[in-house]
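Read off the chains here:
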Amino acid sequence: MELSVSQEHGRVPVTVLHVKGNIDSTSYQEFQSYTENLVANGAQDLLIDLREVPYMSSAGLRALNQIYNKLRARSEDSGTVSKGVTAGTYKSPHLKLLAPSARVLETLKMSGFDMFLDIQSKLADAVASF
Amino acid sequence: MSEVNLHFQRGASDGSSADETPLAAAKRITGLPLRAKRTFSGSLEQLPEIRVFVGETAHTLGGNEDDAFACELACDEAAANIFNHAFERQHGAIELHVWKQDNRLVMQLHYHGKSFDPSRIPEPDLKAPLEERPTGGLGLYFMRQLMDQVTFEFDAVNGNVLTMRRILNIPERYGFMQLSVERPADDTAVIHIQGSVDGSNFKQLIDEATTLHGEGVKRIALEVSACEYMSSSGLVALNAISKMLRGERPPETENGWAVLKTLDDARMAVGKPQLVLVNPTPRVDRVLDLAGLKNLVPIYPDVPSALTALA
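These protein sequence lines map, in sequence, to chains A and B.
Position in the first sequence (first residue = 1) + 5 = our numbering.
So in our numbering, spot 126 of the second sequence is number 106, and the numbers just go up one at a time.
A portion of the hints provided could be inaccurate.
[Stated by the list, open to error] Using 30 angstroms as the maximum straight-line C-alpha spacing, the simulated DSSO-like pairs for lysine-lysine come out as follows: (1) 80/B / 96/A; (2) 75/A / 274/B; (3) 114/A / 223/B; (4) 114/A / 80/B; (5) 223/B / 252/B; (6) 183/B / 223/B; (7) 25/A / 96/A; (8) 223/B / 96/A; (9) 96/A / 252/B; (10) 114/A / 183/B; (11) 94/B / 80/B; (12) 274/B / 114/A.
It is worth saying that the hints were derived from the structure and are not from the lab.
All figures in this text were calculated on a predicted structure; none of them were measured in a lab.
Could you build the full structure based on these sequences and the hints that come with them?
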């Protein structure tokens, strides 16, 4: 797995994490600890670029869940999130995914993660959405 | 198509005798045509190879792209669980057999190691606040979603066997829906939903309910025990039917998810329910949970209790 970071500037600074390779049980720890490091070092708005991730298993989802929790705004309580998910209006404000492959998207859908993680298809739009 | 039979019937389907051990069965069946076998020794680093092997074999045996992906992901999750839990992160060997039996692809993982009770692994709980979700159970959940049957046999002496089966080449796995209607009373209907409710067919469900409503039906129980999948479109249908039964104009279904905003929690909570669900599968239950609909459309375990609630 190759991980690299770039900074983009929308309304807020956006940290873009480019992932290359599969996110499975062999690699999720590297992915998760790398990302948590970014958060520990001040990244508040994170876009995970999945364009070069052909495959993700539940291990990758668990990592995303952990990262999502780390980035959640204090103002977001579970009730608000749950209502937003019901209304179809909730988009995770601080963690977004860029262009998952069809297979990765299927995994996200099967687990219901697509209902709370904002999934964007274009880099510029994704950056502007933060 | 969730598991129909939790206990793998040895001898019933693959021609082995009842007293044959899993590993003996494996020995016997090795060498049959349309069968692939490989042993993966080591630990988690084996996963990519396992996926390639399974994906290629699924193709060779006539599976389509979706089948190959489903088999890769299910086998990955199964093997990851074995390496992590059965082998407790020590090195171990998984003997993987893949073959075709009628229209099903069968994957069988033979290994020695710690056993567990699959019934004690909870379904992932999406009702829990996101920060409190347990991290386990998702892999087993995926296996059950992707495969039509998942069975475990544990044997400390002869080894454990995990068998997963999937029907190959179902063209629209999630696009098939069949409705059947019962009318236990003039103003009451039970709609049995089989298959999946998704964007391709949810209007058919609304149409059926609209027809019944036109015939004087005021209360509906949706019996969904054989409904394998419900997408957000299915939830939109629930909302539309609920509104119609309350005498309100159904929302524009084209607005999709946004119409769920129009759900009125308070009104749904008071008075007798007019729309109830019966016996959703864990998978559908999760979708309802996630969307917050479980509090709005009451759920009953069987048709009689649902009818009592509606009457």
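Evaluated hints:
no. : hint          : verdict
1   : 80/B / 96/A   : violated, 43 angstroms
2   : 75/A / 274/B  : holds, 28 angstroms
3   : 114/A / 223/B : holds, 27 angstroms
4   : 114/A / 80/B  : holds, 28 angstroms
5   : 223/B / 252/B : holds, 14 angstroms
6   : 183/B / 223/B : holds, 15 angstroms
7   : 25/A / 96/A   : holds, 25 angstroms
8   : 223/B / 96/A  : holds, 26 angstroms
9   : 96/A / 252/B  : violated, 34 angstroms
10  : 114/A / 183/B : holds, 22 angstroms
11  : 94/B / 80/B   : holds, 28 angstroms
12  : 274/B / 114/A : holds, 19 angstroms
In this structure, the earlier hints numbered 1, 9 are contradicted, and the remaining ones agree with it.
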